[in-house]
Amino acid sequence: MSQFAINLLFVGASFALYIGIAIWARAGSTKDFYVAGGGVHPITNGMATAADWMSAASFISMAGLLASGGYANSTFLMGWTGGYVILAMLLAPYLRKFGKFTVPDFIGDRFYSNTARLVAVICLIVASVTYVIGQMTGAGVAFSRFLEVPNTAGIWIAAAIVFLYAVFGGMKGITYTQVAQYVVLIIAYTIPAVFIAMQLTGNPIPMFGMFSTHTESGLPLLQKLDEVVNALGFRDYTADVDNKLNMVLFTLSLMVGTAGLPHVIIRFFTVPRVADARWSAGWALVFIALLYLTAPAVGSMARLNLATTIYPEMAGQVEDYDAAAEEALIYEERPGWIRTWEETGLINFEDKNNDGRIQIYNDSNEEYAEIAESRGWEGNELTVNNDILVLANPEIANLPGWVIGLIAAGGIAAALSTAAGLLLAISSAISHDLIKTMINPKITEKGEMLAARISMAGAILVATYLGLNPPGFAAQTVALAFGIAGASLFPALMMGIFSKKMNNSGAVAGMLAGLACTLLYIFTYLGWLFIPGTNMLENTPDNWLFGISPLSFGAVGAMINFTVAFLVCKVTNEPPQEIQDLVESVRYPKGAGVAVDH
Amino acid sequence: MADDKSNAAEYWKANVRTIIGCLAVWAFVSYGCAILFRPLLASIPVGGTDLGFWFAQQGSILTFIALIFFYAWKMNKLDEKFGLGE
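Sequence lines, in order, name chains A and B.
Following the UniProt record's numbering, the residues of the first sequence are numbered contiguously, the last one being 598.
Following the UniProt record's numbering, the residues of the second sequence are numbered contiguously, the last one being 86.
Keep in mind the hints are simulated off the structure, nothing from the lab.
Errors might be hidden in some of the hints.
Unchecked claim - Have a look at the derived ranges for each label pair, beta carbon to beta carbon:
# : chain 1 : residue 1 : chain 2 : residue 2 : range
1 : B       : R17       : A       : E216      : 24 to 34 Å
2 : A       : L567      : B       : A14       : 26 to 36 Å
3 : A       : K570      : B       : A9        : 19 to 29 Å
4 : B       : R17       : A       : L290      : 23 to 33 Å
5 : B       : A9        : A       : A16       : 47 to 57 Å
6 : B       : F28       : A       : Y112      : 33 to 43 Å
7 : A       : N539      : B       : L23       : 27 to 37 Å
8 : B       : F28       : A       : G376      : 46 to 56 Å
Bear in mind that the values here come from a model prediction, so they are computed numbers and not experimental data.
Ideal placement from N, C-alpha and C gives every residue a C-beta, glycine not left out.
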C-alpha cells in the first residue's frame, strides 16, 4: 500500500467518524446549538476544551518553535497553559452561574448597555476571525502535504468539512466531535515522541527522557544538545534570556489572551453546575498538558536528531568537535525524509561551497565566522522550516507508514476542531447578540438558528477567502488574536465579576482604550492592517518601546484597559442597584440551573 | 436575612483569599522560578541543566494543574460549609 493510500485511509476514516458523530448529536434547539443542552460531563467538556484550544499552532508549530528557540520560547508553554489558572479562578465559574449563552451576553447585561454589547461583539469577531484564518491555512498545508493536492484544494476541502459538522451539529455536534478529535490528535502526537525518546535515551516517556541520559554519548541529553549547537555557532539551547521584561510580558499576554478568547470561555457554559465548571478547567489543562509536556521533549530531541543527521560524527562521545564538523553529511547520501520534504519546498539545500556536503550552522554569528571560514564553509546550506518538525518526526525516526498517516489525521484534527469552535463563537455573537438581542428580539427559535447557520457559513467563506490569499502574517495573526482578546474582553469580564461598582461607561472606555492601544502598537511595527511597507517603525528590538515586542503588548493593553476603566468609573454614576445585585448573585453557585434561554 | 448576607460576604472573602493565595503560587513558579529568579536557581542541577529551565518547560505546567484542582476542591468545601452549593 502506498503512503498516499495510507494517509487517505487515516484521514478519511477520521472524517467519517467526525461526521457520523455530528449527525448522531445534531442540534434540535438553540440551547443544543449554543451550549449543547447544558448537560456535558466535566471530563468530556475538559477533553473537548483541550481539542478546541489546541490548534494547528500547538500541534504543528510549537515543538518547532521550542527546537529553534530553546529556553527563550518556553513562553509559549507557560503562556498557553497558565491562562487556564486565571480562567478557572477568575472567570469560568461565575460566567457559568450567570447562565447565558455568549460572552457579549454577559458584558451587555452586566454593563446594562447595548454599546458595551456591541463593542464586545466587535472584539470577539475580530479576535476569532483572525485566529480562524490561521487554522484554515494550517489545515490547507496539512491536506496538501498528505493528500498530495494543491494548497488551494486543501483549504477548500477543510472548509467543506468544517461547514458540514459545525453548521449542522452546533455546539452539541462540536463537543462530541472534539472529543474524538482530541483522542486522534493526542495519539498522533505521542506515538512518534515515545519512539524517538526510546531511540535517544532508552526512556519511553518523552517528558522524562528529555532530562535523562543520551544513550549514544553518555551525557545528559540537554548538556549534549548544548555542546552540539554551541559547536555550530548557535546559542546554547538552555541559554538564559537578557530581556526578561519582554519575556514576562509575552507570557502574561498569552495567559490573559487564553482567558479572554471567547471560544474557550463558551465551553464552560455547557456543563451542568458551577462546581463542574471549576473541575472542567482542571481536566482541560490535564488533557492539554499531555501534549504540552511532550512538546519540549519533541523539540529538543528533534533539534539533536537534525544536527547529528547532518554531522553523524557528533552523535557519540566527541573529543574534538572541529574534526566532527569536517565530516558533514554528503548530499547524495541524505536520508529519505530530507528528499520528501525538499519536494514541498519546506527544506532547501544550496551547496554554497560546492563540496557536495551539507553544512548547517549559524552564519549570522560574527564570532563564529572565522571558524567557519577556516573550514572552507561559505554559509548555512540547509534551511529547514520549523513547522515541518512534528509532521516529519515519524519519518526522521524511521517509523512505519501508518504513523505518518496518523500524524496527518492528527494535524488536521487540531486545525479543524479549533476552527469549528471559533466559528461557533462568531455565529452565536452575530445571531444571538447582534440579531436576537439588538435588532429583532421577536425572532423565532427557528429563525435564530437559521441566522446562526447563515452567519457561520458566511464566516467560513470569509476565513477561506483570507486563507487562500493569506496576507502573509500567520504568527502575527495569532498574536493579534491573543492581544485583542486579552486587552479587551478579559479585563471587562473580570471587572464585571470582581467590581460591583464598575459601570457601563468605565467598561466601554476600558475596552476601547485597550483595543485601540494594542492595535496601534502592533500596526506601528507590523504595518496598518498588516499591509507590508506601511509600518512606521522597523520591527527590531532597538525600536521597541522599553524593549517590549508587539507580540507582548497584549498585557500592557490589558493594564491600560483596567486603568482607564477605573478612572472613568470614578467620575461617572454608580451602576443601578439591580446590577449590583446581579453581580452579587453570580458570585454564589446556589441556584445556577442550566444555561437559560431568554 | 441579615445572617444570609453576612454569610455570603464571608464566603466571598474566603473565595478571594483562596484566589490570591493560588495566584501568588501561579506567579511565583512561572514569572518567578522560570524567568526572573532563574539565575538564582542556576546552581541546582536538573538533568543536564538547571532548575529554572525545568520550571519553564515542565514544572510550571504541573503546578498549574495542581492549583486548579486544589481550587476546585477548596471551593467545593466552602460551598458546603456556607451552604451556598447547588
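Could you see if the CB distance from R17(B) to L290(A) stays within 23 to 33 Å?
holds, 32 Å
Assuming the hint says 33 to 43 Å, is it satisfied by the Cβ distance from F28(B) to Y112(A) or not?
holds, 38 Å
Using the Cβ atoms, figure out if L567(A) sits within 26 to 36 Å of A14(B).
Check passed, 30 Å falls within 26 to 36 Å.
27 to 37 Å as the expected CB spacing between L23(B) and N539(A), which holds or is violated:
Cβ of N539(A) to Cβ of L23(B): about 33 Å, so the range 27 to 37 Å holds.
Please test the hint of 19 to 29 Å on the beta carbon pair from K570(A) and A9(B).
holds, 24 Å
Is 24 to 34 Å a correct range for the gap between the Cβ atoms of R17(B) and E216(A)?
violated, 52 Å
Cβ separation of F28(B) and G376(A), checked against the hinted range 46 to 56 Å
Holds: the Cβ-Cβ distance is about 51 Å, inside 46 to 56 Å.
Measuring from beta carbon to beta carbon, are A9(B) and A16(A) in 47 to 57 Å?
holds, 55 Å
Of the numbered hints stated above, the single one contradicted by the structure is hint 1.
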